[in-house]
Structures are given as structure tokens and as C-alpha cells.
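Chemist: These protein sequence lines map, in sequence, to chains A and D. Using my numbering, the first residue of the first sequence is number 1, and each one after it goes up by one. Using my numbering, the first residue of the second sequence is number 1, and each one after it goes up by one.
The set of hints was computed from the structure by calculation and includes no laboratory data. Predicted model, so just to flag it, every value in this text is computed and none were measured. A portion of the hints provided could be inaccurate.
Partial pick of chain D residues on the chain A-facing surface, computed with a CB cut under 8 Å [said to hold, decoys possible]:
id : residue
1  : Gly57
2  : Tyr162
3  : Ser169
4  : Gly174
Ranges of calculated distance between the beta carbons of each label pair, as one might list FRET restraints [claimed, not checked]:
id : chain 1 : residue 1 : chain 2 : residue 2 : range
5  : D       : Tyr126    : A       : Asp188    : 57 to 63 Å
6  : D       : Ala213    : A       : Pro94     : 47 to 53 Å
7  : A       : Val68     : D       : Thr70     : 21 to 27 Å
Just so you know, even glycine gets a beta-carbon here, dropped at the ideal spot from N, CA and C.
Number of protein chains: 2
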Amino acid sequence: MTVPFRTRFILIEPSHAGNVGAAARAIKTMGFEELVLVRPRWANVLRRQETIERASGANDVLNRARIVETLDEALDGMTHLCATAMTPRDFGPPTRAPREHFAQFVAAAPTEESQGIAFLFGSERYGMKNEDVYRAHVCLSIPTHPRFGSLNLAAALQVIAYEWRQALSARFGGFEIAPATAPSVLADAPQIAGLLTHLEQALVAVDFLDPAAPKKLMPRLNALFNRAQLTQEEVHILRGVAKAMLETAARAKG
Amino acid sequence: MTVPFRTRFILIEPSHAGNVGAAARAIKTMGFEELVLVRPRWANVLRRQETIERASGANDVLNRARIVETLDEALDGMTHLCATAMTPRDFGPPTRAPREHFAQFVAAAPTEESQGIAFLFGSERYGMKNEDVYRAHVCLSIPTHPRFGSLNLAAALQVIAYEWRQALSARFGGFEIAPATAPSVLADAPQIAGLLTHLEQALVAVDFLDPAAPKKLMPRLNALFNRAQLTQEEVHILRGVAKAMLETAARAKG
Numbered sequence: 001m002t003v004p005f006r007t008r009f010i011l012i013e014p015s016h017a018g019n020v021g022a023a024a025r026a027i028k029t030m031g032f033e034e035l036v037l038v039r040p041r042w043a044n045v046l047r048r049q050e051t052i053e054r055a056s057g058a059n060d061v062l063n064r065a066r067i068v069e070t071l072d073e074a075l076d077g078m079t080h081l082c083a084t085a086m087t088p089r090d091f092g093p094p095t096r097a098p099r100e101h102f103a104q105f106v107a108a109a110p111t112e113e114s115q116g117i118a119f120l121f122g123s124e125r126y127g128m129k130n131e132d133v134y135r136a137h138v139c140l141s142i143p144t145h146p147r148f149g150s151l152n153l154a155a156a157l158q159v160i161a162y163e164w165r166q167a168l169s170a171r172f173g174g175f176e177i178a179p180a181t182a183p184s185v186l187a188d189a190p191q192i193a194g195l196l197t198h199l200e201q202a203l204v205a206v207d208f209l210d211p212a213a214p215k216k217l218m219p220r221l222n223a224l225f226n227r228a229q230l231t232q233e234e235v236h237i238l239r240g241v242a243k244a245m246l247e248t249a250a251r252a253k254g
Numbered sequence: 001m002t003v004p005f006r007t008r009f010i011l012i013e014p015s016h017a018g019n020v021g022a023a024a025r026a027i028k029t030m031g032f033e034e035l036v037l038v039r040p041r042w043a044n045v046l047r048r049q050e051t052i053e054r055a056s057g058a059n060d061v062l063n064r065a066r067i068v069e070t071l072d073e074a075l076d077g078m079t080h081l082c083a084t085a086m087t088p089r090d091f092g093p094p095t096r097a098p099r100e101h102f103a104q105f106v107a108a109a110p111t112e113e114s115q116g117i118a119f120l121f122g123s124e125r126y127g128m129k130n131e132d133v134y135r136a137h138v139c140l141s142i143p144t145h146p147r148f149g150s151l152n153l154a155a156a157l158q159v160i161a162y163e164w165r166q167a168l169s170a171r172f173g174g175f176e177i178a179p180a181t182a183p184s185v186l187a188d189a190p191q192i193a194g195l196l197t198h199l200e201q202a203l204v205a206v207d208f209l210d211p212a213a214p215k216k217l218m219p220r221l222n223a224l225f226n227r228a229q230l231t232q233e234e235v236h237i238l239r240g241v242a243k244a245m246l247e248t249a250a251r252a253k254g
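I would like the entire structure built from these sequences, with the hints used as guidance.
Modeler: Printed below as a string of C-alpha cells:
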């Protein structure tokens, strides 16, 4: 299914080249592409060494990034503006946590028409200006420590991009995580019982278990194996151990 | 309720001082405290200028951070180890997405006993060694673009710390987002009707609305106001506008 959202990240007056590069990297890791800079401190920020280093391969995002003079120029095609601001404003859009807002926004979005969603990030030093916040439909606030809420610009963008991707994935399907190793097959109860019998013989053979006074050793091992949810392969390994114990004990007697 | 988890972030052989500082900042924003470095490239990394700059005020995390020689020394008191590794291993712990894993882990955790959860991050260049991954109970994989999955170390830590905090908050209560402005009171239907009547008179007075051929203007405005969910304050403002239109129209006639 095509995702009916065009996503754009807008940095307003970013001052650190490293943050611009890190933002490009964060955007790309989450499968987005569009970056627009409004009045960056460095006119050549997209080509600065620090930017390229911190982008760490997200060169296509940097190459396609636009630099504009006004926020308006950055907003063509955008229909839903999300400000990211630490400080609540006297009035302006409602403040919401990203996860909650994205879930509702994506669930409510009609799939037959495309929307443009823009994430606005203020400058590292001053945050967003009131007049820019007022234009937004929502002010996203990442829940943070009440006395230390200041995320780095690129870190905040990474969290927002991640949450937005998660919300899109929940409705439209998303990135799979790296495939795990081949799924293991759990041992069934008879296989566990067989293992326990085999182990019991081995433990007797090496004189650890006294059959006349077994105490609770075997039930304890049973509980351990149940809790660990042994795989068939692990049962195989442990039975190999039991076999070796029995053989060694036989040699010791002989 | 006391959260029955002690949380620790462990960076194995970090090579960039900036990442150590950014990690400290990320840890603090999410309300955590413990940072341990295993064999960092720079012995004095906790006191380097770049570290302190990027920590941006999270000095207490840096001051309390420990530097150790082996992963074992970093793991005292830790009972659940989460590796973060891009590359799936031939065997080793199951690979899971952080959100899914944390939700299940926190839901299943008994509250009467404290657990130590450690997040292990490999070096920027080489990731985690197999032998370190094998020790972990789970390998966390942040869902990313299939062909560009490499998050910056501190960015990955920020996402993991954020997700872990969100999971803790869901069960034990968490950080509130910055309080919004005073909640506004929605206008009720009679107030909207009163506004529409007032506006209709004003629109007639300024010769925009022809009462003989009103078309669908008022129903359209009604639909717009309903969709916008006007507050009582906004109704007040719009009625002020209507009043001014009527007064101006009266002066224009006089």
C-alpha cells in the first residue's frame, strides 16, 4: 500500500554543521528523504566537512536538501505542521506527545488523498520563535526528565523520525528488523523427559546424585529447563553431555 | 510506585569523545544516570572538551561514569543484558524490536524484586563482538531503512533510552510532557448558532451575502466551524469581528 504522506524535516536557522549532517543520517535511517534548511548559519553547510562526516553516508539526503530564506518557502505542499518546542507557549497549537499524536493522526488520515507532514525544528540555541510555533497544527513534546529536557537537535529529530516511521508502519507496514537467525524449534515435553532421564543416569554415574537420597535435584532441573524453554538442538547438546559423562564414568570404573 | 529496574548504559570501546558526551545527554534527558565505558579509545574521554560540550549540561552523568577494562566489570548487578547490534549473528540471543521487547519485558517483570537492565553498545566502527553479543539475553534492533540502517551511536542510545522510558512509563507512570496552555472550552451548538446568526447579519451588511440568493454560504461556514471545533474564546473573537463589520456598515450608510 502506498503511504499517503509526504514527509519533510525542516531545520530553522541551524547553527551547527554537525547537527545538519546528523539530521540527514537520522532522516535516512528511518527511510525518509526530504530536508529543508531555513537560513542556516553557514551558507555552505551542506558541503562542510563536519556535515558530511556526521551524515555518514546519507549524502543523497544532503544533495537533495534545499536551503531557503523563509519558512514559507519550506512549506510548499505541506498540510500538517508539527512544531517541536520545549517551552509551552501562551497560546498556539496543543502540546502532545509524538507517539499519541502520530497514532491518532495516522489512524484518522484518509488514504485516498495525500498529505504533506512537516516537522519543524528550531535553532539549537533559541528553539522556535513564537510566530513559527503558532503556524503549526500541533506542538510535539518528547517526554523527558522534568529538569533536563533538552535533547540535542539531531537526537530529537531521530526520535521524531523513528516515532513517525513506527506510526506509519503500524498502519501501512514498515521496515522489518534484521532477520534473526533461523527460528529454533522448541523441545516438547517427552523430549525434556528423555533428557532428564538421561541426565539423571549421568549424574548418578559421576556420583553427584545419590539415588537413595535424590532430594529435589531432578525436579529442580526440570523447572530450570522448562523456564529456559529448551530447543531441540539444546536437548541434543545436553544429551551429548550426559552420554560423555556416562562414558567417562564407565572408563573410571574399568 | 518505585520502578523495580536499575538501568545502565554500557559503551564498549567508544572511539569518539563527542558520542560519549551525546550519550550522557541522551541518558539524562530520559531520566537515567548510569554510564559505563569499557576500554574507551581516550583514557581521559570523560574530561575532554568535545565530550563536555556535547553533554550539554549532563555533567553529573559524566562525573559518575565509570571506566573499566572488561565487560564483566561493567555488569555487576545487571540481570538482563540487551545487546544492540546491526548484524544478525549465526546464533546468539533472539533479535527483537525495542518497543515490542520492552513492553513484554516490563509487563512480565515481577515488581517485588529489582532487576538490573543493561544496554550494550559496540564501538562506532566495528559494532559489537560476537562474544559480547552471545552473553546478552536479547539483541535489540531498531527498525530502519533496509539499505541504510546505521544509526549514530548516540542516536541509537537516544532511541533505546526513549523507548525504555516509554515502556517504564506505561506501567509505572512517567514523565509528563510540558504542560499545555490552559485547556480551552469548546463552544456548544447554541453558541455556534448565535455566532452564525451574528455573522450572517454582518455579511449582509457588508454586501457579501445576498439574502435573496444566499446560496450555501452559511451552511459552509457552519461546517467549517464544526470541523474546527471552535472554542468559546474564538466565538467571542468572531462575534467581535461581526459587531465591528455591522458598525462599519452602519457608518458607511450614515
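Chemist: Now tell me, hint by hint, if it's right for this structure.
Modeler: Verification of the hints:
no.	hint	in the structure
1	Gly57	holds (7 Å)
2	Tyr162	holds (5 Å)
3	Ser169	holds (7 Å)
4	Gly174	holds (6 Å)
5	Tyr126/D with Asp188/A: 57 to 63 Å	violated (40 Å)
6	Ala213/D with Pro94/A: 47 to 53 Å	violated (39 Å)
7	Val68/A with Thr70/D: 21 to 27 Å	violated (51 Å)
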